[in-house]
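Chains as they are written, first to last, in our numbering: chain F, 824 to 1178; chain V, 824 to 1178; chain A, 824 to 1178; chain E, 824 to 1178.
These aren't lab readings, by the way, just hints derived from the structure by calculation. Where hints are given, some of them may not hold.
Since the list can't tell identical chains apart, any single copy or any two copies may satisfy a pair.
With a straight-line cut-off of 25 Å between C-alpha atoms, the simulated DMTMM-like cross-links for lysine to aspartate or glutamate are [as the list claims (entries may be wrong)]:
id, residue 1, residue 2
1, Lys895, Asp1045
2, Lys1044, Asp949
3, Lys985, Asp1042
4, Lys895, Asp911
5, Lys985, Asp1045
6, Lys895, Asp1042
7, Lys1096, Glu1141
8, Lys1044, Asp950
Number of protein chains: 4
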Amino acid sequence: MFFGSDNQSCASQVVLDAIINANQGFTHGYGDDQYTQEAIAQLEAVFECPLSVFFVATGTAANCLSLAALVKPWQTILCHQHAHVFMDESTAPEWFTSGARMVGIAQTHNKLSVQALEEYLVQAGDDLPHNPQVGAVTITQANELGQVYSVEEIQSISQVCKSHNIKLHMDGARFANAVAALNCSPADITWKAGVDILSLGATKSGALCAEAIVVFNPDVKDTLMHLRKRSGHLISKGRLFGAQFSAWLKDQHWLTLALHANAQASQLANQLKSCTNVDVIFPVPANEIFMLLPTALAQYLRENGAEFYDWYPQTLPENIQHTENQSYVRLVTSFLTTDEHIENFITTIQAYKQT
Amino acid sequence: MFFGSDNQSCASQVVLDAIINANQGFTHGYGDDQYTQEAIAQLEAVFECPLSVFFVATGTAANCLSLAALVKPWQTILCHQHAHVFMDESTAPEWFTSGARMVGIAQTHNKLSVQALEEYLVQAGDDLPHNPQVGAVTITQANELGQVYSVEEIQSISQVCKSHNIKLHMDGARFANAVAALNCSPADITWKAGVDILSLGATKSGALCAEAIVVFNPDVKDTLMHLRKRSGHLISKGRLFGAQFSAWLKDQHWLTLALHANAQASQLANQLKSCTNVDVIFPVPANEIFMLLPTALAQYLRENGAEFYDWYPQTLPENIQHTENQSYVRLVTSFLTTDEHIENFITTIQAYKQT
Amino acid sequence: MFFGSDNQSCASQVVLDAIINANQGFTHGYGDDQYTQEAIAQLEAVFECPLSVFFVATGTAANCLSLAALVKPWQTILCHQHAHVFMDESTAPEWFTSGARMVGIAQTHNKLSVQALEEYLVQAGDDLPHNPQVGAVTITQANELGQVYSVEEIQSISQVCKSHNIKLHMDGARFANAVAALNCSPADITWKAGVDILSLGATKSGALCAEAIVVFNPDVKDTLMHLRKRSGHLISKGRLFGAQFSAWLKDQHWLTLALHANAQASQLANQLKSCTNVDVIFPVPANEIFMLLPTALAQYLRENGAEFYDWYPQTLPENIQHTENQSYVRLVTSFLTTDEHIENFITTIQAYKQT
Amino acid sequence: MFFGSDNQSCASQVVLDAIINANQGFTHGYGDDQYTQEAIAQLEAVFECPLSVFFVATGTAANCLSLAALVKPWQTILCHQHAHVFMDESTAPEWFTSGARMVGIAQTHNKLSVQALEEYLVQAGDDLPHNPQVGAVTITQANELGQVYSVEEIQSISQVCKSHNIKLHMDGARFANAVAALNCSPADITWKAGVDILSLGATKSGALCAEAIVVFNPDVKDTLMHLRKRSGHLISKGRLFGAQFSAWLKDQHWLTLALHANAQASQLANQLKSCTNVDVIFPVPANEIFMLLPTALAQYLRENGAEFYDWYPQTLPENIQHTENQSYVRLVTSFLTTDEHIENFITTIQAYKQT
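Next comes chain F alone, as it looks inside the complex (with noise of 0.2 Å):
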């Protein structure tokens, strides 16, 4: 009952039979191979658009990296509070950027509002040089509280941006999610609602170790490729990311993988919901469950062999009551969360009431 984190699974068949199929032979290094270029091609496919890609190992570098392109280091980032590349990911942010400020816009809802960047925009100095000024937002889709951004909310933050002549990146670890929550298509939600820079995780959603900077903005291509190369993340053997990508997103297998996700965290948090003792704090569109329950029953559930993380009590919502005998917690599923696994967490939860 792994619930810890989607990158607690391994990779799809799919995706280790393309790993496979590519360790063969000699091919080129640094990305200039077939695999590498299949995968470029399905991204401009999948994006309907031309596009540069660069590939990473990391959900960090991918972030931060993007970022970098497209502040100066005396610029600011805004972001949700409660944002992973705020919270998770270390200084990194401003260690790629050479010393760009990460902004962290403290605000209720549980995804960056229109009205509360407007507020931090209102207020911000613009005393040149004196007040740092804002280069880039970024947000995250689907978010680190389990929400999807809408198209039209999208739009509203990019329409924000482009009035203030700020960069618009999207954190997309778990983008695949997000598309299958939306059904829509991937360039309504990125480039054709104003995204300069996608970072695309496949590694949380079926490959083993995949990201992808998708770039639209073609002014930051070469400053990428120099930037990836100097923090060290332009791999030699290109192939091993090329195959991943190629196999995840052929025949739309990212999507069938996200679906199945997001159908099994929508399948526990129904059951979740029918438990008492346990609520269920938001929506959950995509593949994450964030539930207070009591603290005993959380530990009953990992003696149990169920893995999940408290998380951060900042991040739960003021107007939610809640005892201090009761822990806030976060469950993930993945492509790899079986009914059975999720039978397992319910009746488990069951037993304890029981008890």
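Chains V, A and E: place on chain F using the hints.
For chains V, A and E alone, kept in the frame of chain F given last:
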């Protein structure tokens, strides 16, 4: 009627005379001269302890070099959300620290409160290496809203810092005003209260260009020697700084100047309080006054030769009612502010009211 | 006939099988898994000592993270002027170290000599903080000209380092080839000889994507944990690296692969020496061959399917006579190089000569 | 007898008087004052073109901010191996540029030669993103060995730069001495010869603390505004720099001072040449003299009050024979060097010989 900033004033005659006096013949470079040595001796006398000193030309350099010596690049630096180092020094802290994170703690109180600090620390994650940990706290004395931390307040903040293995820095751009206001020993509000490094500013308080990084924590001396050099802040003709600091500290000249500036602010604030339509917002223990006044009056004052800045609206306390027709401004006095300046300013307000 | 680089080869079947085997079900993320733990245990067995290990995806990351952990930003890093980390990794060392200086020591010898090192150190100024001081030396084993440092040579370099309080790093992108060539214990040419950190590369020698920062100096473990994360090099599905290293090290598979690569290079070099018009430049103890050949022959070989790189002309020893009609090229063999590849290459040369 | 450095001198009386004169009442801060504006106007008159100016307190800041504005972090900066910015400014260039690489070109000539530059460029690899490309060349005028580049030499270097898309920076810590030596227009050896940015130093040549980044290339103005601020080099009381530069430039005062310094060096060199046992090494067009003398004589001179530095032995030309009993030293004259200083120095040498 220059109330824009205390850095609009020239140097005091005593400080200027010291520069003139030091400008004779040859000395060794880079601080290896008698003027610098004498200034260090004076600082040790004033602070009643042995210490290391690094003179630099700007407060930004003093603050950011101090912070860079105290934190690791993967740590965070906490300050009040309205701190100068956070709002008005571009992304200098991030640059000097090679990418540590600046976090401005949101709070309504006009000084950094122990409560706000503890609330932040409670919610900061401790999952290494993902969650960046707090490496330093910086407070400003007197601060950006004209407020002065008491000895006890600094001790309380320091205790929280020590219990979390956090270093404490003090931005003393207006340290003289704070000492004058508290009528305390400089030692009491610095090393005796747990401050590791003080940025001691003379420029705003009577010098022409002289800031001192006063290091109470002996561990970081070597690091600061290197950081100052590689950031270009080691001047060759060190006597410029040495002469100014010697004269500024000698015979309590610095306190004489600060007492005057504070007294002028107090006098001005008292007279402002008697003006209808003008609301003085905060207490005025040092040399800064914040007030609401009709925008038309602000314009009238400027047309009649008064200089002052509109201030960041977010620093206005939420419980202060104001209208769209009001401006929120800052007035700063200095050693050069005369009774006549104040009288003219008040007379102009009164003249406006009579129109 | 791929002789361009050993990174043009796929992974060995044994390593691939390990990836396949590890790609089952759920594990904890970020290296907290059995595969990673097993790999560390294998490394401790191979090096006969306790050690810290940080797995990363690229040699650039392994080298530069190691150097960043060993030096201060105000120090310099010395290497042979033809070192890969100096010539082929962009300005990654400067970035990872927050601005330490890379100095490529000019010398004619094809390995970093103690004499050249001492000559540099004698002339380096020691006026602090003006003259940057040497913080680390990095040597490559086997190096960029195919040469291997003997145990005694490493010890000699290490002694110079220790006497100047300088750290010693080893770039082991082809460490396996060096151990195979020397038939020594890995410990003998690393920690026992005074090496602080080894970048142990598996990618060029049979893995798909796996490099290990092997830390013998316990002081820098904590720093590396943070640096790896904030540079985006901590992958989530750590089993990818763990599984590869386990299988690569197990049953001396790594040495079997390296012995084969070395043997193929030796065989190829021997046959090349019997070819007129072809001059093999350096001894061939490991898996790299450097040679002069007629440019027309180089072109003919490429037209017939051979891959190899023109090499940096400045690495050609001054005493080697050559003409404008000659090309200076590098050939690299790998575990995947067959007798047939060699035979075809030689046959093609012979065919050219007959035309 | 201070011949250690021209920065051992005080400011000229004219410059000091300007500081005194400017130290009256209130002005706007951060360079928005009449003194700064007047200095900029004077610079535009002297250089006969519109330009941007950024005043800073040190030559290190002027040089490194200039370079940071001209290069990308993934580029290299070329200079003569004996350049001050390479040898004596710690790793400041790497820091200001966020990690660009400093490369000191090894050569025997006492100025950066076009030949050495071209040789470097020919052998530098162009495989992107692996090989770092040259972004800027910096030359020093007058340079660290007291030599002066002719107009033609600068033009030749500039042509090489332009043909490789490389920016050209001039370290003019002793620019006044060069102009005085060449008797040319300042424009001729800067923007008319292809220089993008000049670090114009007044401190060594009669000011107290004043360096100007003189920007001929309009593209980098905005970048420099931000870089100066975030590196802590924007002083609040800008009149300090403005007043000094105004007075220094007015009525050719700067050239009067430099002509004197040069003449004193020339006179001293001539007299030294008549001393047996003393060998003057380089021509003396400006204000620096390098010489070999018996170590016992050097000691005798110091005991009798002479100040000068032993110089880096590697800067001594290889064809100059010398013994272990000789010292290699540098003498620098300034506007403050009197005939009496020279006479005393020579007399002391003669006195030693008679003992």
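* Hint numbers not upheld by this structure, sorted from lowest to highest -> none
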